[in-house]
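Enquirer: Chains A and B, in that order, are what the protein sequence lines are.
Note that my numbering has the first sequence beginning at 9, numbered continuously upward.
Note that my numbering has the second sequence beginning at -10, numbered continuously upward.
Think of the hints as simulated: they come from the structure by calculation, not from any bench.
Please note that the accuracy of each hint is not assured.
Claimed, not checked - Reference excerpt, derived from the structure (chain B facing chain A, CB under 8 Å, subset only): (1) Asn23; (2) Leu58; (3) Val152; (4) Ile208; (5) Arg211.
Claimed, not checked - Where chain B lies over chain A, by a calculated footprint (3+ residues, C-beta under 8 Å): (6) 45 to 54; (7) 93 to 107.
Note that this is a predicted model, so its numbers are computed, not measured.
Beta carbons: idealized from backbone N, C-alpha and C, even for Gly.
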Amino acid sequence: MKRIGIDVGGTNTDAVLIDGETILSSIKVPTTQDVMSGVKAALAHVSGFVGPSDRAIDAVMIGTTHFTNAVVERARLERVAAIRIALPTGGSLPPMCDWPDDLRAAVDPMIFMVHGGHEYDGSPLVPMIPDEIREAAMKIRDAGITSVAISATFSPLTTECEVVAAEIVRSVIPNAKITLSHTLGRIGLLERENVALLNAALQSLGKTTVQAFSDALREADVTAPFYLTQNDGTVALADVAASNPVHSFASGPTNSMRGAAFLTGLTDAMVIDVGGTTSDIGCLVGGFPREANNIVHIGGVRTLFRMPDLLPIALGGGTIVDPETGKIGPRSVGYRILTEARVFGGKTLTTSDIAVAAGLIDMGDRDRVKDLDPAFVQASLERLGTMVADSFDRMKTSADDVSLIAVGGGAFLIPERITGASEVLRVENAGVANALGAAMAQVSGEVDRVFSGLSRDEALAKAETEAQDAAVASGASRQSLKTLEVEDIPIAYLPGGARRVRVRVIGDIAFV
Amino acid sequence: MLQEFAEENIEPLATGAWILGTGGGGNPYISTLNLRRLYAEGRRVQLMDPMALEDDDMVAVVSKMGAPLVGQERLGDPAHLARAVEVMEDYIGKPFRAIMSVEIGGSNALSSFLAAAMLGRPVVNADAMGRAYPEAQMTSFAIGNLPMFPLSLVDVRDNEVIVTRAASWKWMERISRKVCTEVGSTAATCKAPRTGREVKDWGIHYTVTKAVELGRTVIEARARHDDPVKAVLDHEGGKQLFLGKVIDVARETTGGFLRGSTLIEGIDADKGSRMELGFQNEWAVAFRDGQPVAMTPDLICLLDTISGSAIGTESVRYGQRVTVVALPAPELLTSPAGIAAVGPKAFGYDIDFTSVFS
Chain A
9 MKRIGIDVGG TNTDAVLIDG ETILSSIKVP TTQDVMSGVK AALAHVSGFV
59 GPSDRAIDAV MIGTTHFTNA VVERARLERV AAIRIALPTG GSLPPMCDWP
109 DDLRAAVDPM IFMVHGGHEY DGSPLVPMIP DEIREAAMKI RDAGITSVAI
159 SATFSPLTTE CEVVAAEIVR SVIPNAKITL SHTLGRIGLL ERENVALLNA
209 ALQSLGKTTV QAFSDALREA DVTAPFYLTQ NDGTVALADV AASNPVHSFA
259 SGPTNSMRGA AFLTGLTDAM VIDVGGTTSD IGCLVGGFPR EANNIVHIGG
309 VRTLFRMPDL LPIALGGGTI VDPETGKIGP RSVGYRILTE ARVFGGKTLT
359 TSDIAVAAGL IDMGDRDRVK DLDPAFVQAS LERLGTMVAD SFDRMKTSAD
409 DVSLIAVGGG AFLIPERITG ASEVLRVENA GVANALGAAM AQVSGEVDRV
459 FSGLSRDEAL AKAETEAQDA AVASGASRQS LKTLEVEDIP IAYLPGGARR
509 VRVRVIGDIA FV
Chain B
-10 MLQEFAEENI EPLATGAWIL GTGGGGNPYI STLNLRRLYA EGRRVQLMDP
40 MALEDDDMVA VVSKMGAPLV GQERLGDPAH LARAVEVMED YIGKPFRAIM
90 SVEIGGSNAL SSFLAAAMLG RPVVNADAMG RAYPEAQMTS FAIGNLPMFP
140 LSLVDVRDNE VIVTRAASWK WMERISRKVC TEVGSTAATC KAPRTGREVK
190 DWGIHYTVTK AVELGRTVIE ARARHDDPVK AVLDHEGGKQ LFLGKVIDVA
240 RETTGGFLRG STLIEGIDAD KGSRMELGFQ NEWAVAFRDG QPVAMTPDLI
290 CLLDTISGSA IGTESVRYGQ RVTVVALPAP ELLTSPAGIA AVGPKAFGYD
340 IDFTSVFS
């Protein structure tokens, strides 16, 4: 089976063509201002290696940082309306009450709080009043807003209020793009609502981005279905993904971790992805990134949803080294490395210069760092190793030594030996690990909600069935499904043996 | 003896209270947001020295009761805490001079502030635990054998309950817990009113200031890139018990509580050892390689080794790098009556209390 994986990063656009597990072609091109010409160039290159037409491409997987960047830059966002169904609770903390002012201004929200919602046990908090929703919908329509986020208390347990409200809104605004909080987030109303609102603000961008990718593929004569990669290392059909841009927020680091797993054949290991300015350390469990089970801030907004657990370190190929003290970072020359680093003719001493002086890599003009004292170079390398080892140890969850896989453009910086690591692996094609990770992605389904009135075994079984159904709905083949994670937490003070159960299953794409 | 509680003290109060919560009491984030919004509306809270209370002043003791998880969905509204105070005032027919929180640990540290900001009354610089505990009989007022009734409980749906009498603190806990569960496991309550004399005699004093200073110490250490855990220890005269990484968390809910244990594997100086933290909502006993080394009422706090932030029994998870510290308990809690109410035996551990500080 042939697949193309494309990763559109801030600096580079990478693409690979694979057949089964064989890499047929790969390319790295600079990410262009308009993004798409870079994608087209990469696509044109790899699709030239497809071969006889009877072995056409089966699928294209694209990872993009578009959506995260929009939130971080407070740009390309659209105006949204929030409807929260929770009164008489929560009235003192309206939707977006904890957003940074500039981001809030960028989405210029209309906010409505109406009566309704449910309790943890599924009983209604108070009855929902359809007229309140209708009235809000008419005001939203009159303001010309078409993207609406709807949240309700305990909606991950009882979806009814959000679903009924969406029908009412759609009856008033037929072309409304509606995000329901229970489809994205977990228990924690503010955090889940925040995710839904970010998602609502990205609806138009989601559509135009997917359309642009679709156009690029058509120009390259690729007719295969295409998918966007998700935070958890899986993919969703592009049209589905377009309605849930938040699920693509962390696809970059996730893809590089998945690519590292593929390149090494390891399914349980630590991965360090070394970029120009920062590195991310993550943990592969069963071939997938371990998920963060806590609050993740995106563009200053508190969220709680499916995201990989990553530890960023201020260490990359462009990180500045103080020639006097030997202190490394936290500042970096970033993308200006090709002009400012010593080996490239610049005046700033960077980690890359140290690596060249130490003979770890050959790039630029080696003569320009031959004046560096070998003792200084050695000390810098040791300091660098300590930085990596500290963070590595923090992310490690086992006392035993674990393999560390170094990927990314700056992977050469990672020393051969790291305390606590059984081995440091570097792999061929490490530079296009992201695109490879994208190409290898599978489909998942997740359930995270509270079950009550069931035994533990019954609750786990029910959650697993629901997760399997969700995966199949996202395009997985049922036969291939495997359960990846099961976690359950009993809930204090709640009667009926209430427990929160999280189950994630994964499977291959079902090709029809 | 009133002093305005400055807006910039809100964050330190929340940070310090979360540490003093010893793993329980609920994360103060939602309460912090509420208090910030009240301040943004121009409301201010005066902090009152407990010794400035007249003997016959009446003091309201407020608390948000219920499951922290429910509080993450049914977001607390200061209006309901204020309402619980008003209901009690109507019932006893006397106005409250000031308001205090039942516990300084966790989100309830801010409950008194929310009610006070709404009602324009001062907050007493004191609480009834000096930390967090799960039940009504685990307060300094219960240790002092003070009356445990009446209690008012307010639900968001216009349900208001007054428990007029209870045979004991434990009965008050059982009855009010039942009502709380019935209205969705979260409610605003005003506990038995206290006189100024009682607060002066039996309150745990100056705990608001203690929480603010503790929180500020952590925030400042972080900003200076100093070790926040060390800052906590230095500031509180605490003891570091263990440095390590969480390798297992076992939880179960029995009798309405989150019980379980957290297993930590030692690193650096503690390499080769393991610490097990038993909890019932809050951390109760710390065992080092099977031997109890610290126990309630001494405060056992689990801190993120890097940030110094507290980690709760509901949010502790596999892989976190943590430091276990012990902070001294309020004197009253280590008295014989205190040990009987909140010592290890009160949490089902057949261990005689020995303070890690003795």
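Enquirer: Hint by hint, where does the structure go against what was stated? Just the numbers, ascending.
Expert: Structure breaks hints 3, 4, 5 and 6.
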